[in-house]
Amino acid sequence: MFDWSVITQNAHLFAWGLVVTLEYTVITCVLGLIIGLLIALVQLSPIKALRVVGRLFVEFFRNVPLLVWLLWSYYALPIFAGINISKQAAGILALSLYGGAYYAEILRAGIQSLDHGQADAAKALGMRSWQAMRRIILPQAFRQMIPPLAGQTIIQMKNTTLLSVLTVPDLLYQASYVSSFTYRPMEVYTVVGIIFLVILIPSNYLARRLEMNSQ
Amino acid sequence: MTRPPNAAAPLVEVSQVRKSYGSHEVLKGIDLTVYPGEVVALLGSSGSGKTTLLRCVNLLENPSSGRIAIDGSPIFDRAADGHDNARISGRDVAAMRSRVGMVFQQFNLFPHMNVLANVMEGPRTVLGEDDATNRARALDLLAKVGMSDFADRMPGRLSGGQKQRVSIARALNMRPSLMLFDEPTSALDPELVGEVLNTMITLAREGMTMLVVTHELGFALEVATRVVFLDQGAICAQGTPQEVLLHPTNERVRTFVNRFHATAELMRPLLQT
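These protein sequences, in sequence, are chains W and V. By UniProt numbering, the letter at position 175 of the first sequence is numbered 175, and the numbering carries on one by one without gaps. By UniProt numbering, the letter at position 197 of the second sequence is numbered 197, and the numbering carries on one by one without gaps.
Possibly wrong hints are sitting among the right ones.
DEER-style ranges, computed between Cβ atoms [to be verified]:
#1 V:Ala80 x W:Leu67: 45 to 51 Å
#2 W:Arg62 x V:Gln232: 45 to 51 Å
#3 V:Pro190 x W:Pro65: 58 to 64 Å
#4 V:Glu251 x W:Arg62: 27 to 33 Å
Pulled a few chain V residues facing chain W out of the computed Cβ check, cut under 7 Å [unchecked claim]:
#5 Tyr21
#6 Ser23
#7 Leu60
#8 Ser64
#9 Ala94
#10 Arg97
#11 Gln106
#12 Met154
#13 Leu221
Calculated directly from the structure, the hints in this document are not laboratory data. For every residue, glycine included, the Cβ atom is placed at its ideal position computed from N, Cα and C.
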């Protein structure tokens with residue numbers, strides 16, 4: 001019933017697709033974390049206007065379907081902004097901002113859940129708020145946030161599959177390409193699913209280990 | 001009002017400080033002056049505003065109105081209508097705090113750093129001091145509070161009394177000219193109270209200026225040069241511990257002292273040493 005030769009014969013396409021997927025995962029996670037941290041700090045700012053901006057950012061991305069946002073970034077954004085961006089840039093920008101909004105919520109919650117006494121102690125020593133953030137608050141908050149951050153990162157990796165609609169040659173795009181000329185979607189998409197499971201199940205396990213070690 | 005032991009300039013000047021949370025006024029126009037070398041005990045039942053007053057001194061809490069000066073420098077000055085009479089930057093406030101040590105009821109040690117790193121953190125981050133000098137002084141301070149053997153421990157593995165002694169060393173490592181204590185023994189098991197009080201007594205005898213919110217009447221009696229008693233956000237009595245606590249004229253103080261009398265007696269033998 002299964003004909004695995006379509007996979008072995010096109011292994012290079014899958015491999016290349018996997019590399020692209022991993023590339024986009026790493027880039028959008030790093031950018032997403034940076035954006036998330038900035039937005040989280042903006043949301044915790046004493047200035048109300050900034051907090052409102054941060055809130056709007058998060059609410060926007062939490063309520064727009066990612067696929068819609070991706071397509072809009074590629075097709076509509078260049079027209080609105082009067083710029084030409086490549087599908088790669090559009091994909092990275094859209095996914096990083098989207099992931100950033102979720103990272104921001106995790107980081108904000110983590111910072112806010114920290115005992116106020118820690119900030120008090122840092123301030124009482126004479127630290128400025130950015131010093132307290134860097135030396136006292138964030139190192140502790142990050143520890144608590146490892147599980148949700150890892151979870152979001154895994155979601156981010158799965159979300160990169162949506163880039164295939166922009167014809168970014170990720171794993172899913174390559175799979176649909178292989179499927180289009182082999183007419184073997186069953187084998188092809190089974191393998192895509194297995195590849196994600198093989199990467200993400202150990203990642204989840206590792207994240208849990210990391211969490212336990214940091215306690 | 002007791003006069004200073006020596007006629008130096010005041011270290012803390014709090015005048016007409018008010019603080020409200022919504023419609024609830026916690027501090028109702030407090031005037032308090034602390035001179036160098038004084039050990040001032042702030043007493044009062046819970047909810048009397050003593051902790052809020054202490055936190056206003058280093059501006060962890062901003063008063064609603066009033067004036068505060070530390071070591072002659074105005075650090076807060078807000079009129080009753082909310083208008084700020086002085087523009088004081090975050091940098092100025094941080095600089096003031098670096099000269100005022102604070103010890104908290106819940107210790108607030110940094111749980112991600114070991115004991116030595118906790119003690120070194122202030123000078124390292126705030127003053128940018130080099131590690132060699134900092135470490136040497138930190139180790140001296142840990143010896144002073146009897147925690148030399150625990151320099152490599154993480155705070156999570158210390159008893160409450162040990163944590164509090166480390167937190168005193170952490171504050172002292174900034175070489176403050178004033179120490180604020182916010183109920184430093186209230187979160188401790190009774191058998192651990194003594195070790196912290198002894199550390200504080202040593203500090204007081206060395207001439208450190210201290211403002212101490214406490215329930216330990218024994219400590220106030222033995223060590224404080226002045227006792228300030230708060231009731232419902234106002235100072236209702238102050239003077240030497242003997243005057244205020246042993247011969248209370250104020251009804252509120254009398255009730256308070258009677259309630260704590262048994263505890264105070266228990267503490268006496270310990271403090272005599």
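Verification of the hints:
| no. | hint | in the structure |
| --- | --- | --- |
| 1 | V:Ala80 x W:Leu67: 45 to 51 Å | violated (58 Å) |
| 2 | W:Arg62 x V:Gln232: 45 to 51 Å | holds (47 Å) |
| 3 | V:Pro190 x W:Pro65: 58 to 64 Å | holds (60 Å) |
| 4 | V:Glu251 x W:Arg62: 27 to 33 Å | violated (59 Å) |
| 5 | Tyr21 | violated (15 Å) |
| 6 | Ser23 | violated (22 Å) |
| 7 | Leu60 | holds (6 Å) |
| 8 | Ser64 | violated (17 Å) |
| 9 | Ala94 | holds (5 Å) |
| 10 | Arg97 | holds (4 Å) |
| 11 | Gln106 | holds (5 Å) |
| 12 | Met154 | violated (12 Å) |
| 13 | Leu221 | violated (28 Å) |
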